[in-house]
Every structure is written in C-alpha cells, then in structure tokens.
Amino acid sequence: MKKHLIVVLIFICVAWSAFLLTGCNSKDSANQYEINFVVDNNFYAKTNVSNGTIEKMPSDPQKEKYIFQGWYFDNNQWNKPLTQQAILDLPITNDKTINVYAYFVAYNCNADGKEHSLIETTSVKATCTQNGSKTYVCTACDYSYSQVIYATGHNCKKTITKEATCTENGTAHFVCENCGYAYNEKINAVGHNLGALVVTTSAKCKQDGEGYRHCSRCGEDIIESIPQTNHKLDSTKHCINDGCEYFEMFNCSVVVTSQFGTFTKDLSLEYGKPFYVSPESYGVEQLKFLGYYNGEEKVSDEKGNFNAVFQGQKSLSVTAKYYFAVTKADDLIALQDNSFLATYFTNQKHTEPLKVEIENEIDFKNVNWQPITINGYIDLNGKNHTLKNYYSTSGGLFTTVGKTYVNSTTIKNIIFETANLNIENLSADNVGKYSEMYTIGILASRITGAIEGITIKSGTIRVEYNGDLDLLVAGICGRVNSIINCTNHATITTNTAVAGGITVSADSVVGCKNYGIITTGDYIVSAMINSVYSNSYGTSGIVCEATSIERCINYANLTCKRLNIAGISITAKQITECSNFGDITATNGSAAGISYLCTNYDIEKACVDRCSNHGNITGIEYVAGIVCSSLGIANSYNVGDIISKTGYAGGIAVSYTNLVTMKYCYNDGTVKGKTGCFGGIVGKAQNVSLLKCINNDNNWASGTYNQTLCKVNDGTDNCFIELGYDSSIWQFNGNGKPMLKWETEYEA
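Taking this note's numbering, I'd label the letters of the sequence shown as residues 1 to 748.
These are computed hints drawn from the structure, not numbers from a lab.
Only true hints are included.
Label pairs and their in silico Cβ distance ranges:
# : residue 1 : residue 2 : range
1 : Thr675    : Lys383    : 56 to 66 Å
2 : Tyr33     : Tyr183    : 21 to 31 Å
3 : Lys383    : Ser728    : 36 to 46 Å
4 : Asn485    : Thr404    : 21 to 31 Å
Restricting the straight-line Cα-Cα distance to at most 30 Å, the calculated cross-link-like pairs of lysine-lysine (DSBU-like) are:
#  : residue 1 : residue 2
5  : Lys645    : Lys672
6  : Lys237    : Lys298
7  : Lys96     : Lys46
8  : Lys383    : Lys355
9  : Lys349    : Lys303
10 : Lys403    : Lys349
11 : Lys645    : Lys711
12 : Lys355    : Lys328
We put the beta carbon where it would ideally sit given N, CA and C, even for glycine.
With the hints as constraints, model all of the structure from the sequences given.
Structure below.
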C-alpha cells in the first residue's frame, strides 16, 4: 500500500510539473475555460485556464481518516489525473468548463487499527516549474505518504529591449524574478503619423500627379500619387483645364478592312459613350466575328462595341477578324459549296488563309462521307476535338486543300476515332491526282501546306482497287509539304503496292508515329511505278518519299507483296533519330528497318544518323537493319534479325557504292543471306570504309572493305567506350547494348 501511494504521488508531481512548464511557454493557445474542483460531489473551488496556464490551484482538501491523493477527471475510476496533456485531449463543453474530482484514500494504522499518528519527515520546496512535496510517517507503524506542493509558476518582469518604429517591430524581454527564465515578445510597428499632402507635380486631365506627406514620428516623406483630373468641357467641347488642348469631335469615319474586303462607316459619336460598328456577315452562317483590331490590339468586343480609346478622332482604321466555326459535318461542306467562299478562294491572297476552328466533337455516324475540295488556303485548328465514326467509300475528309505550289494551308489538332475507309473504286473527283497517280488518306488526298497534331486513334483502311491509275494509300494524308507530330493507329490493307502509315510523300516529316499494321498487295497500273519510281515507292511505316525525316518511329508490322518495304521510308535525303520496332517482311522485294535508299550528296554529313532497328527484317533481294543503300551512316545500331532469302543481307546496310562510310555503328542481330553475301555491318561492300564499328562476330561484311578500329562486341560497354562512342549520343546500360539517348528521352 505504501509503495502504491508513493508511485501515484510521484506520477502526479511529474505530470503537474510538465503541465506548468508547458503552460508557461504556450503563448499561441487560444483556449480559455474554467476548472471546477469537486469534493465528494460538492463544489469545492474553481480557477481559470488561460493560454494553457492554470491561474491558481486551490489548497488541498481535508477529509477525516482519508489522505488526499490529487485531482482526477474520471470520478470513481481514478485513471486520469489532472495533467496538461489530459486537459488538451478532453473536449471542451459549450460553456467551456471542466470538472475535476478529489481522490482520497482511507487509512488505518497497522499497530492498533486506529488512525495513524503522522509526523512530517522531509520536504522539497516547489519552484516555478517543478512541484515540491512533503513526506509524512506514522510513528506507530511503517505507513508513510507524500503530499504534492504544486509549482508556483513564473513571475516575469518586462523590459523593452528595442522600441517599435513606424515600419519596424520592437522587442520586449521578459525575465522570471524567481528562477531567471527568459523569453522575447514582438511589439508591433506603430505606423506613420502623416501630415497634410504636399504637391510636387500637379495632376493633369489624363496624367496622374505626385506629392508627399511628412511623418512627424520618423521624419520620412512618403510619396503619394495624385489621380488625374479628367477633362472638363465647355459649351464648345473644349477642355477648360489649364494646359489641356483637348476638344471633342463628333464626326468619325471608320474604315474597316478584312480579308474579305473593305468598307467605311461614317458615324456621329457622343463623347464619353462607347460606339458600335455592325460587323458584316457576308451571308456565311458559320463565319464568326472575332472583333475589330488596331494592329495586334483588340479594340472592340465580339459584337462590334468599341471601347473609348479612339473617341475624339475624325477617322479610324481598323481590321475586322473572323473565323469559320465548324460544329457539325455540314459546316465542312459549306467550305466547299458556299458561293461567297468560292469567289473568295478564287481571289484569295496566300498570306490571308481562312481561319477555321472545330468547336466540338462531331459524330459522322450513318454518313457515307463524300470528300470535299477547297481550292483556297485555310488555317484549320481542330482544337483536339474528336471526329467520331468517320466512314467513306470514296476517300478521306478532304480531296485537296490549297493551291498548287503555294504552301499556305495548315491543318492541325484533329483526332479521328473509329475512322474507316472502304475503297473499291475511285474517280478523279474523290482523290488527289498527281503525276498520273491517285493518292488517298483518312484526312486528305493532298494538302498544299502543313499538317500537325493529327491523330488517327482507331480505324481501318481497306482498299480493293482495279482502276486505270495507280493508287497510293496513306494512313493520314496522301501528299503534304510538311507533317509534324502526327500518329496513326489505323490498319491499312490494300491490294495496291504503295502505302505509307503516315503519308506517301512529304518534304519534311517530324515527330510522327505509326502503330497501324500495313499489308499491301501487288496491283500496279503504271510501268513507271515498277521502274522509274521503284526507288521512291513501296510500303513504309511513316512515308514513302521525303526530303528529311526526324524523330519518327514505326511500331507496327509491315508486309508487302511487291516493290520495296521499310520501317520509316523508301527514300529520303536525310534521316535523323528514327527507330523501327515492327517486323518488316517483303515477299518479293528488298526490305530495311529504316529506309531502302538515302541519297544526301553532302559527303560531310551522314545521310542516316542516330537511327535504330529493333524488328526482324525479311526480304528476297537486299535486306538491311538500317538502310539498303546510303552515302553515309553514323551512330546507328541494329538488334533485330536480318534475313535475305535469296540475296544480300547486312546488319546495318547493303551497299553497292564505294562512297559509303559507316562510323560508330553496331550490330547485335542475327544476319543471314545467300552464301558469301551477308555481313554483320555491310552485306555487299565495294571499297566501303568501316570506322569504329562493332559487330557480334567477325563477319563484318561481304565484298571489299577496309575497317579502322573495329571490334567484336564482348558483351560489355567497355569496347564502345574505348572506341570513343560519344556519351552525349549514346546511353550506356552496362550490357554491351547501348541505346541512343534520344530514344530514352522520347516518349513512345
């Protein structure tokens, strides 16, 4: 019993000391409430808790034949003593009161069964933050107990160590006179005491003035802006303010110029009020007015209401800007059929393309679309809206857009979802005829200009054609000048021999990807396709012929029955940072992972640079991991299997020219060709130079070649690093199969 009481009392002392210490330093608490002290269900005393500190503890209650053990929250349970943490954990009632209850322990003397005869033996004096105690011992038995003397709390004296100024806070220092505990407290800045305004620059009608006010407290002059006075007009509409020469003019001629023509409005204007010029509609329902502009500054709203900036002028020249709004499929037809637009396109300047915007998703369900032709320049922005369920047995959304040889048309940011072309025959009215050939694509047959951000999210192109002109099939657009960041997911199945996953022909192709499987047949009408154009046309994941190709990737499997096939292009002058991941199969021709032919005659620059092939390439004649024939290849690699069933095969190239130089290229795929006609780097070499190339075995090339600093791959990155493979171009992975850095940075 004695030990039990001592443990309980020590716990209460420690908890109460922590309570007082925490409360002294808790300056940020917002709790203020009362504590009622209850003895045997009777009110005994009360005190306040403010900012985490109990203001005053009552004296310990006395009860005959009982010893007071402390204050508890849980009456008759005695598990929750009064401590700082216990107060913080309890919910506060609406009237902000808390009850605590006195805990007593009855005692009897072990010697005679009567009351103990107690004397005080030891005592510990309470401090500001630590409880004290008194210990009592029974003279008749060994019973003893300790009584808590609660901490007194700090008695702090305030000293100003830094006076507050107008703009800076001060500091007050507090020190407890009993124990020396100290802390600082902020004194808020007092703010300026400003006098009357002294004007240094007078305000004008349309110009603010300036002055200052003197602070009597700190002596600083505070600068202050004086608002402009605005014009004051007399009966002649002149401003009477000193130094102002403004006068109001009521008559104003507004000359409005737009891409559709020029007109003049003579207006009588009232000073101080906005004016209105009704915009022309030109009889085109879809033509939306954007506003009037002065240069690049918009000076009216979309209804023709001007702001006040031009009021008072005798004449005003502005430009009216419009755009053609497409909200449904019929609006696209109006671009072709509207008589006003037909006349406009005939006389249109190439520097003023018609701005066209698709405003929302358009569903072509139950419509067999007839392609439209626009013989003018447009700047069409689909704003990433979706054209759903497009279907046609005649061709793409457009036949041709633009005018020959002037690249002023732009079409961008359109998504096709579930787009399907089902072509069995065509006429010249439905497709773009070019050099005795037809071209076709889901977006258009031919666009004279640029396309950007076109995505065929899903769809199919099926062609069974037996017409009198050759048909060239593309996933997005048959022919275009430049194409940027376009993606095709539509599968292409055609009995014709020419197809490109993105386009058939373009000057520049950048950032395009093909995911659509392509299967082409052997239907060819013109002998030119089979002879003169055999190096330009065939089956490709991206484009058949192009001047330059950059950052393009083919992920799809490609198969052709006739002509040549390649993952990126059939022919190009410059190919940079392109990859193929699809399997490429030619059942009756040559095949390459990147390109069949690359012919940049700038000997200082590699035709093919930083390209890779990851797919298996299979063909009959020339088969190469990167390019069948090129005048220069650098920083490229192949990891796919390269197989020529009856001809030459090369892990990087099949070359038949003595001008070819290959440098910093490696092959890690299996290469097979007819006996003596295949090599890990070059399949058919005639005085070819190999510089710092790496192969997975010693079969570098067939034919005549010279090699400088070439190595067999040892399965580590060391051989690449020793040959000086540029770490700014190559990403080393520790496995002897480095990737090109652009591949790791370019999201698939």
